[in-house]
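A.B. asks: Listed below are the residues making up each chain.
There are 2 protein chains.
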Amino acid sequence: MKSLLLVAHGSRRAESNAEITVVAKSLSDRVHGNYAQTGYAFLELAQPSIADGIDELVNNGATEIIILPYFLSAGRHVHEDVPEIVNLKQKEYSDVKLHIAPYIGEAAEMIDVLVATSEAEN
Amino acid sequence: MKSLLLVAHGSRRAESNAEITVVAKSLSDRVHGNYAQTGYAFLELAQPSIADGIDELVNNGATEIIILPYFLSAGRHVHEDVPEIVNLKQKEYSDVKLHIAPYIGEAAEMIDVLVATSEAEN
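Heads up: the sequence lines are chains W and D, in that order. Heads up: the first sequence begins at 2 in this note's numbering, then just goes up one per residue. Heads up: the second sequence begins at 2 in this note's numbering, then just goes up one per residue.
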């Protein structure tokens with residue numbers, strides 16, 4: 002069962018973390034034909050953790066999990082922290098395929114979103 | 002002269018900051034009909050600072066600056082740190098209009114980027 006895990010940084014602001022749950026819900030609605038379940042998790046400052054998010058998807062039957070990093074640039078979090086946690090979980094779940102997708106800032110469409118936002122202000 | 006300032010978090014990784022300069026260049030190319038100049042700046046960990054970025058645009062003739070926060074969620078940085086710096090600069094430049102655009106994570110199109118990325122992995 003193919004599953005998706007949206008991974009965000011996490012914030013001390015509850016409202017900020019709540020935004021991610023809304024994004025994950027919208028994403029789930031849009032991709033449910035391709036992914037049986039879509040979860041969300043936070044790198045730090047909020048719950049569930051990435052490890053907990055992976056656990057939950059596996060407990061619900063995931064056999065493959067695409068981890069989608071909701072980060073704009075490839076800093077330490079994208080290059081080191083997220084892969085480190087995912088690698089540890091991969092060792093724990095040797096029969097589940099874990100794969101990290103490109104971080105969202107790398108998507109070619111990001112520039113379109115910036116252009117649209119700047120045009121709306123013009 | 003209307004100008005745009007892309008504001009990112011900043012990273013200890015030079016490659017991550019370099020990504021922002023590339024994004025700013027692409028953005029500049031796309032919006033130059035609406036904005037005479039497009040700059041970039043970092044909240045922390047990298048240069049130029051937001052204050053320096055505003056200074057440079059003003060020195061080059063900006064009379065209005067739209068600050069575009071390249072942040073995915075409205076944490077402390079978006080709600081407090083960026084506005085605080087911009088407000089201080091607004092007091093310094095009373096004849097320049099400074100305006101903060103919605104942060105990029107608030108754009109409706111963000112969900113499309115997530116869907117596209119998750120579909121590419123499917």
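Calculated directly from the structure, the hints in this document are not laboratory data. One thing to keep in mind: the hints can contain errors.
Unchecked claim - Simulated pairs of lysine to any residue, SDA-like, Cα-Cα distance not exceeding 20 Å: (1) D/26 <-> W/113; (2) W/3 <-> W/94; (3) D/3 <-> D/123; (4) D/3 <-> W/121; (5) D/26 <-> W/112.
Unchecked claim - Here are the computed distance ranges between Cβ atoms for each label pair: (6) W/49 <-> D/107: 38 to 48 Å; (7) D/27 <-> W/26: 40 to 50 Å; (8) W/60 <-> D/77: 11 to 21 Å; (9) W/52 <-> D/109: 47 to 57 Å; (10) W/80 <-> D/123: 20 to 30 Å; (11) D/93 <-> W/117: 23 to 33 Å.
Glycine included, each C-beta is placed from N, C-alpha and C at the ideal position.
A.B. asks: When the structure is checked against the list of hints, which entries are broken? Sort them ascending.
C.D. replies: Of the numbered hints given earlier, those the structure breaks are 3, 6, 7, 8, 9, listed in rising order.
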